[in-house]
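Chains as they are written, first to last, in the numbering used here: chain A, 2 to 335; chain B, 3 to 279.
These are calculated hints, taken from the structure and not from any lab test. Certain hints may be false.
Stated by the list, open to error - Which stretches of chain A does chain B cover? Using the computed rule of at least three CB atoms under 8 Å from a CB of chain B, they are:
| hint | segment |
| --- | --- |
| 1 | 100 to 106 |
| 2 | 113 to 127 |
| 3 | 258 to 268 |
All of these numbers come straight from a predicted model, not from anything done at the bench. Beta carbons: idealized from backbone N, C-alpha and C, even for Gly.
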Amino acid sequence: MATDVLERMQGPAAARSAGAIAVRGLVKRYGTVTALQGLDLDVPAGAVFGFLGPNGAGKTTALSILAGLSQPTAGEARICGYDVVNHGMAVRRRIGFLRQDPRFYTWMTGREVLQFTGRFFDMAAAEIDRQADALLDLVDLGGAAGRKMGTYSGGMRQRLGIAQALMGHPEVLLLDEPCSALDPAGRREVIEIMERLRGTVTVFYSTHILQDVERVADAVAIVSHGRRVLQGTMSDLLAASGSALAVEVEGNSTALVGALHHHPAIGGISCEPRAGAAVQRLRIEAVDMAVARRTVQTLAVELDLLLVSCRPEQKTLEDVFLELTGDDSGDIAA
Amino acid sequence: MVSTATTAAVPRTPSAGRQEQTPFLAGFGNIFHKEALEWFRTRRFAISATLTSLLVGVVPIGVFIHEGGLHHGRIPISSGTYQNMMNGWMSLSVTLGTYLMIALTMGMLVREEEMGTAQWLFTKPVSRLAYALAKYSANAAIAAFAAVIVPGAIFLALTQLLFTTGVQHWGGAGIALGLASFHAATVIAIILALSTIFSSQGPVAGVVFGLGFLPFPAALVLPLSVLGLAPVFIGQPALLAAAGQHIRPWEPVVSALVLLPVCLAFACARLSRKQLQ
């Protein structure tokens, strides 16, 4: 039943083939405070897109504008081709939004929250009930559907928040820090739901929890001080950021280090001291990764060393994030 | 491909040129239904109707019930006492009814924003005009029913059953109830308008209370002909109507008829431009 709902949410092919979210030069000022300073974003349809940045970077402000809660001071934002300012109603028919720490009417039951939400989308009562049941199953709240919202835990409220955002078959799901207020178990549950949504709906979610992004996001944009500092797919992002080789050689590596020292493709070499070990580990900063790799392989053969491994150093998203955001990254959680 | 560059134009899908109908009052029915349901599910209606029925419907009768012995199973009262009783009922209806109205509805917009439920609703296909009008109409109708009509009906029924005079002017009593309900609806419209200015319930309640008392100090500097326009004086024609007398003055009713739509328009305009996070 839940799968059926996910299939129905895929929306028109035309919308899916184009970008789901396009933002250009978005500026938002609150008096003298500038929350967004010309933000640009392109979110492909169907992607799980991580919107990453430290607290105060402008993530919530950007999401508020996309969801139609506030208006930009300058710039343009479109969802499924519709301008969020001039075609707000058309945008809101196509999005599902989950606030950070969502709140619902405490006197309503979980099922009633979904039914109430469904009635905004001109759906027949039977279809609302059917979709509500399917979504309650999807977020694993079927057993608590009859309980009042006042009795729900933070994690349950968050999961119901995702379910209500999915009511009405949205094309784009906007989630503002969906995991930040949750314990590890609650975080895992929400991430698993997002994984289940992959390919059925565009998921655009803000977070400062890097571990979650690495686990679930197809693509990511990093924002700092209201500006995008980087955007790309996860694999591109990590590969492009790698500028060092991790080398393991068996034998005396001193000659190799000496030969590499003045090579134009090599920026620097550090050696991990491993007294008595047969395999030595080197970290070689490459000016040109391909040339540096070939040089290491050639020299290892010439110097009669056994090259155990020679591969680009795997950077984590945390490394990339810290490089890009510098001092602004104090609130980031790895 | 990793990108940090800024591109010039926002890409548009084929659907971008399509103009979608924006229903003027999208979501009105759903929000009205939710508001009405909330009054009953949170027991707000039962509690407020019971309280006002005791204070407005029963107390004015209790004060006069000891007047004399029974006559044909009913309590005999003079026409003067009857007038006093009707005056007491209508005065309580307008004053206590107003206070209760403020207490019951001062959070109708502000509390939703404090809780975050307004922000939730505004991300759905709901027009803000529909939101404001649905909130107003549901709260005005149900609050007036709980704080004016139910206690009024109880008062009139008890008067008819217990006193020899019965209700002497049913038509006048009906008009009085209508005027008191209209006064309540005007108070709620003012609360709605103030709720779009202030971000917490205290100032909303404070200003509405203040407006109710404003004519009294204002009497020191303004002529009575101007003061008589204040909607708070609707109690006077209502009082006379209840007693079966000629209804006058009409000025407070007319000014309330102007004030109510002005407040609603103000609230709708403010809410449609309101920025939320």
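Counting residues of the segment 113 to 127 of chain A that have a beta-carbon nearer than 8 Å to any beta-carbon of chain B, does the count reach 3?
holds (count 5)
Okay, the segment 100 to 106 of chain A and chain B, do three or more residues pass the C-beta test at under 8 Å?
holds (count 6)
With a C-beta cutoff of 8 Å, work out whether three or more residues of the segment 258 to 268 of chain A approach chain B closely enough for the coverage to hold.
violated (count 0)
This entry does not satisfy hint 3, going by the numbered hints stated previously; all others are met.
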